[in-house]
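*Asks:* Okay, here's what each chain looks like letter by letter:
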Amino acid sequence: MVSLGRREILHEVDLTVRPGEIVGLIGETGSGKTTLARSLLGLNRIERGSARVAGVDVAGLRGRALREFRRAGAVQYVFQDPLQSLDPDLPVGRSVGEAWEVRGAADVAGRVAEALVRVGLDPDLAARLPSEVSGGQRQRAAIARAMITSPRLLLCDEPVSALDASSRTAVLELLLDLRSSVGQLFISHDLGSVAGVTDRIAVLYQGRIVEEGPTAQVIGEPQHPYTHLLVGSAPTLGGESMSRHDRAALRAQL
Amino acid sequence: MSLLEVRDLSVHLDRPLVSGVDLTLERGGTLGVVGESGSGKSLTCRSVLGILPPELRTGAETSIRFDGVELTGLDAAGWLPYRADRIGAVFQDPGSYLDPSERVGRQLAEVLRVRGGLGRRAARDRARELFAEVGLHASTVDQYPYELSGGMQQRVLIAIAVSREPDLLIADEATTALDVTVQAEVLDLLADLRERHGLALVLVSHDLAVVAQVCEEVVVMRHGRVVERGTAAQVLRAPEHPYTRSLVAAHARFGIEHVREARLV
Amino acid sequence: MRAILRHRLGAASVTFLLLVALLAVVGPWVAPYDPLAQNQDALLQGPSAAHWLGTDNLGRDELSRLLAGSRLSLLAALEAVLVGLVLGTVPGLLSVYLGRVFEWTTLRVMDAFVTLPFLVFAVAMTALLGNGLTQAMLAVGILVSPAFYRVTRAAAFPVAGAQYVEAARLTGAPAWFVLRRHVWPKVLPAVAVTTAATLGSSLVIVSSLTFLGIGIQPPEPTWGGMLATSLEYLFQRPTAPLVPALLVILTVGACNGLADALRDVTGSREARRVAA
Numbered sequence: 003m004v005s006l007g008r009r010e011i012l013h014e015v016d017l018t019v020r021p022g023e024i025v026g027l028i029g030e031t032g033s034g035k036t037t038l039a040r041s042l043l044g045l046n047r048i049e050r051g052s053a054r055v056a057g058v059d060v061a062g063l064r065g066r067a068l069r070e071f072r073r074a075g076a077v078q079y080v081f082q083d084p085l086q087s088l089d090p091d092l093p094v095g096r097s098v099g100e101a102w103e104v105r106g107a108a109d110v111a112g113r114v115a116e117a118l119v120r121v122g123l124d125p126d127l128a129a130r131l132p133s134e135v136s137g138g139q140r141q142r143a144a145i146a147r148a149m150i151t152s153p154r155l156l157l158c159d160e161p162v163s164a165l166d167a168s169s170r171t172a173v174l175e176l177l178l179d180l181r182s183s184v185g186q187l188f189i190s191h192d193l194g195s196v197a198g199v200t201d202r203i204a205v206l207y208q209g210r211i212v213e214e215g216p217t218a219q220v221i222g223e224p225q226h227p228y229t230h231l232l233v234g235s236a237p238t239l240g241g242e243s244m245s246r247h248d249r250a251a252l253r254a255q256l
Numbered sequence: 433m434s435l436l437e438v439r440d441l442s443v444h445l446d447r448p449l450v451s452g453v454d455l456t457l458e459r460g461g462t463l464g465v466v467g468e469s470g471s472g473k474s475l476t477c478r479s480v481l482g483i484l485p486p487e488l489r490t491g492a493e494t495s496i497r498f499d500g501v502e503l504t505g506l507d508a509a510g511w512l513p514y515r516a517d518r519i520g521a522v523f524q525d526p527g528s529y530l531d532p533s534e535r536v537g538r539q540l541a542e543v544l545r546v547r548g549g550l551g552r553r554a555a556r557d558r559a560r561e562l563f564a565e566v567g568l569h570a571s572t573v574d575q576y577p578y579e580l581s582g583g584m585q586q587r588v589l590i591a592i593a594v595s596r597e598p599d600l601l602i603a604d605e606a607t608t609a610l611d612v613t614v615q616a617e618v619l620d621l622l623a624d625l626r627e628r629h630g631l632a633l634v635l636v637s638h639d640l641a642v643v644a645q646v647c648e649e650v651v652v653m654r655h656g657r658v659v660e661r662g663t664a665a666q667v668l669r670a671p672e673h674p675y676t677r678s679l680v681a682a683h684a685r686f687g688i689e690h691v692r693e694a695r696l697v
Numbered sequence: 025m026r027a028i029l030r031h032r033l034g035a036a037s038v039t040f041l042l043l044v045a046l047l048a049v050v051g052p053w054v055a056p057y058d059p060l061a062q063n064q065d066a067l068l069q070g071p072s073a074a075h076w077l078g079t080d081n082l083g084r085d086e087l088s089r090l091l092a093g094s095r096l097s098l099l100a101a102l103e104a105v106l107v108g109l110v111l112g113t114v115p116g117l118l119s120v121y122l123g124r125v126f127e128w129t130t131l132r133v134m135d136a137f138v139t140l141p142f143l144v145f146a147v148a149m150t151a152l153l154g155n156g157l158t159q160a161m162l163a164v165g166i167l168v169s170p171a172f173y174r175v176t177r178a179a180a181f182p183v184a185g186a187q188y189v190e191a192a193r194l195t196g197a198p199a200w201f202v203l204r205r206h207v208w209p210k211v212l213p214a215v216a217v218t219t220a221a222t223l224g225s226s227l228v229i230v231s232s233l234t235f236l237g238i239g240i241q242p243p244e245p246t247w248g249g250m251l252a253t254s255l256e257y258l259f260q261r262p263t264a265p266l267v268p269a270l271l272v273i274l275t276v277g278a279c280n281g282l283a284d285a286l287r288d289v290t291g292s293r294e295a296r297r298v299a300a
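First to last, the protein sequences are chains A, B and C.
The numbering of the first sequence is my numbering, which starts it at 3 and goes up by one.
The numbering of the second sequence is my numbering, which starts it at 433 and goes up by one.
The numbering of the third sequence is my numbering, which starts it at 25 and goes up by one.
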């Protein structure tokens, strides 16, 4: 479906995110999860098939039409590390309001304040540099930047992996909180860390979705050996969830 | 006599970054250190290894005894028989600890020749054995670091760290940059090595669950201090400090346990 | 700017450059004599109350010539820097954005410029376009442009791939918006340092060219030209080359000092960001 250069990276991927739900897309290095997210934004070309976001097929968009689609803001992306996704020399508010500045809107400052409040931040934070706020606040600001255009779909690419444990919880709570207003695709390599947030989970392995279903079902009764291995590898507080030998046996099956 | 005894460890810049840390590790034991960035967990490790950044120093009252010998105040020559030979270490981001222009087998053989006094041929044969022991294929010795995945690079570094058969291995966020399935493999490997060689292990991680999987004793650090300590089971079942409680609660709320418990109800 | 003035070397350099610039601007009005007026009664005189810096072989007042020459020399150096700035920075920025063909072509052109020797190229250009300082400095400007090109490219390259630039593109921002908003502020410090340093080297080149008599018509005073004339009459007036030479040395030194100060100031901001 999506190819980069001449090599096909994703094959026959079917995935639906409905309004008001959070779908977990689980995959490890090289699974193609980031390629999938990027192709939904027109950053990678889709060779075959379609990707409809809020009624628009992204696969066919090029140049001006793609820019118009992005400017409409129906899909937004939340990057893993807010230190990299926010311009270090610009006050947080400038980054958050960028989409409206591009649209040439009046009262960008008001919209920024509103967006910051919506993600639970003090509007005064807008004047500070990314380096002057905490990691959790930075990621909330990045989410505010994504939410400011009232998107239909939010693509969150490992949104809490770069955060400390304490801010992680706050950001996950925030995403849960936003679920009613925006459908989310939550991309992660760690099935264990997203289990409590997602409604459904799709497991991506070597460019294919090998398993998909409600979170409890995927984790409780994994069908594919890879999913089984993922569940068995996730660190839990209840001690080892799977013995070393079982894991080795599963690896041999792949 | 304990293998490692850290008493009242403090690390200072212009202000104290770490203070009042006590650690005890028996021969062949496992100790987990949990904390987030800035908690002082890595500085604690570095103090034990004697590799603090030059602008930092340990406090006067600090005592680090390894196998009965005081390590604080050792000079470079004094460290020689300890670091690498008796205390090994692996860190996060394995790629940056390997020379990108040299085959990984040679990098291991170099340690064996320089520190172990092995001949060229003996070192090469021993390198192959060690690679097999950490679960790498023998042909890996001829590969360059960039040809290996992160998990394989970390295995190479573990092979190097244990090549001198140390008594203690310090793993500082050694699995953080890896995928979960690879992390599980590396943790399995560490557990295997411990069983086979009676290696004592200090496992440092930001993730309480990772530590809980491998370690018997757990220390939780925050803002340069130890806020909680106990056996892994104790800390997980009845966390006392609010910070530890929040870590456990986060797992119960968002982790795999959340789904498991929901199904049980 | 304020940070530069707190920097000791920076403050000294800025002060000196402002002084020279002031002299270049108001020089012709404060000059005691017409710089071109010859006086057969006062040839090759040493410093005196009437002629503070003495007179040259045609009896022209050295001080007046120096003041008039400052304007010409500085303007010429500025011209070269401006030409280099535009010819280097613009393609440098675009090479990061306009795709492989443009990138490859500009890289090869800049490599070609680097291989050309300054003086020979300037001489050839004046032969081609006519003997004038403007033509000569156009040539010099072309030859310093690779410095700007490379510095701009090096600074813009990591920014172009940065996530915040990608985030901006995802808002549907046009290229100029991204360039102005995210890329230019990161490139500016590097360009400023290069500008200051290049100004210094351009002054040296102007002085060398005019010393050799390229790019000027004889009666017109320049620093290099005065140095050349005074050297011819070294026996009669051994101290005469001192003042023009010192002026060139100090001005170039001040340019380099400013470049260093700029680098220190912007560099420390960079370092602070990493530390945070």
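Simulated from the structure, these hints should not be mistaken for laboratory data.
Small disclaimer: the values here were computed from a predicted structure and weren't measured.
Warning: the hint list may mix true and false statements.
So, partial list: chain C residues that the calculated Cβ filter (under 7 Å) puts toward chain A [what the hints assert, rightly or not]:
no.: 1; residue: Q187
no.: 2; residue: A191
no.: 3; residue: T195
Computed beta-carbon distance windows for the label pairs [as the list claims (entries may be wrong)]:
no.: 4; chain 1: C; residue 1: Y121; chain 2: B; residue 2: G549; range: 50 to 58 Å
no.: 5; chain 1: C; residue 1: R124; chain 2: B; residue 2: P674; range: 53 to 61 Å
no.: 6; chain 1: B; residue 1: A665; chain 2: A; residue 2: D16; range: 39 to 47 Å
no.: 7; chain 1: C; residue 1: G123; chain 2: A; residue 2: A251; range: 45 to 53 Å
no.: 8; chain 1: A; residue 1: S163; chain 2: B; residue 2: G510; range: 35 to 43 Å
no.: 9; chain 1: B; residue 1: P674; chain 2: C; residue 2: L33; range: 47 to 55 Å
no.: 10; chain 1: C; residue 1: R124; chain 2: B; residue 2: G452; range: 53 to 61 Å
no.: 11; chain 1: A; residue 1: Q255; chain 2: B; residue 2: E534; range: 14 to 22 Å
no.: 12; chain 1: B; residue 1: D446; chain 2: C; residue 2: P182; range: 40 to 48 Å
no.: 13; chain 1: C; residue 1: P182; chain 2: A; residue 2: A74; range: 26 to 34 Å
no.: 14; chain 1: C; residue 1: L212; chain 2: B; residue 2: G470; range: 49 to 57 Å
no.: 15; chain 1: B; residue 1: G551; chain 2: C; residue 2: P141; range: 38 to 46 Å
no.: 16; chain 1: A; residue 1: A251; chain 2: B; residue 2: L488; range: 27 to 35 Å
Far from chain A, by Cβ distances over 10 Å, these chain C residues were calculated [as the list claims (entries may be wrong)]:
no.: 17; residue: V50
no.: 18; residue: L67
no.: 19; residue: F126
no.: 20; residue: L194
no.: 21; residue: L258
no.: 22; residue: Q260
Note that CB positions come from ideal geometry on N, CA and C, so glycine has one too.
*Asks:* All the hints need checking, so say for each whether the structure fits it.
*Replies:* Against the structure, the hints:
no.	hint	in the structure
1	Q187	4 Å, holds
2	A191	5 Å, holds
3	T195	4 Å, holds
4	C/Y121 - B/G549: 50 to 58 Å	57 Å, holds
5	C/R124 - B/P674: 53 to 61 Å	56 Å, holds
6	B/A665 - A/D16: 39 to 47 Å	44 Å, holds
7	C/G123 - A/A251: 45 to 53 Å	50 Å, holds
8	A/S163 - B/G510: 35 to 43 Å	41 Å, holds
9	B/P674 - C/L33: 47 to 55 Å	52 Å, holds
10	C/R124 - B/G452: 53 to 61 Å	59 Å, holds
11	A/Q255 - B/E534: 14 to 22 Å	35 Å, violated
12	B/D446 - C/P182: 40 to 48 Å	32 Å, violated
13	C/P182 - A/A74: 26 to 34 Å	30 Å, holds
14	C/L212 - B/G470: 49 to 57 Å	33 Å, violated
15	B/G551 - C/P141: 38 to 46 Å	56 Å, violated
16	A/A251 - B/L488: 27 to 35 Å	46 Å, violated
17	V50	39 Å, holds
18	L67	61 Å, holds
19	F126	18 Å, holds
20	L194	6 Å, violated
21	L258	54 Å, holds
22	Q260	59 Å, holds
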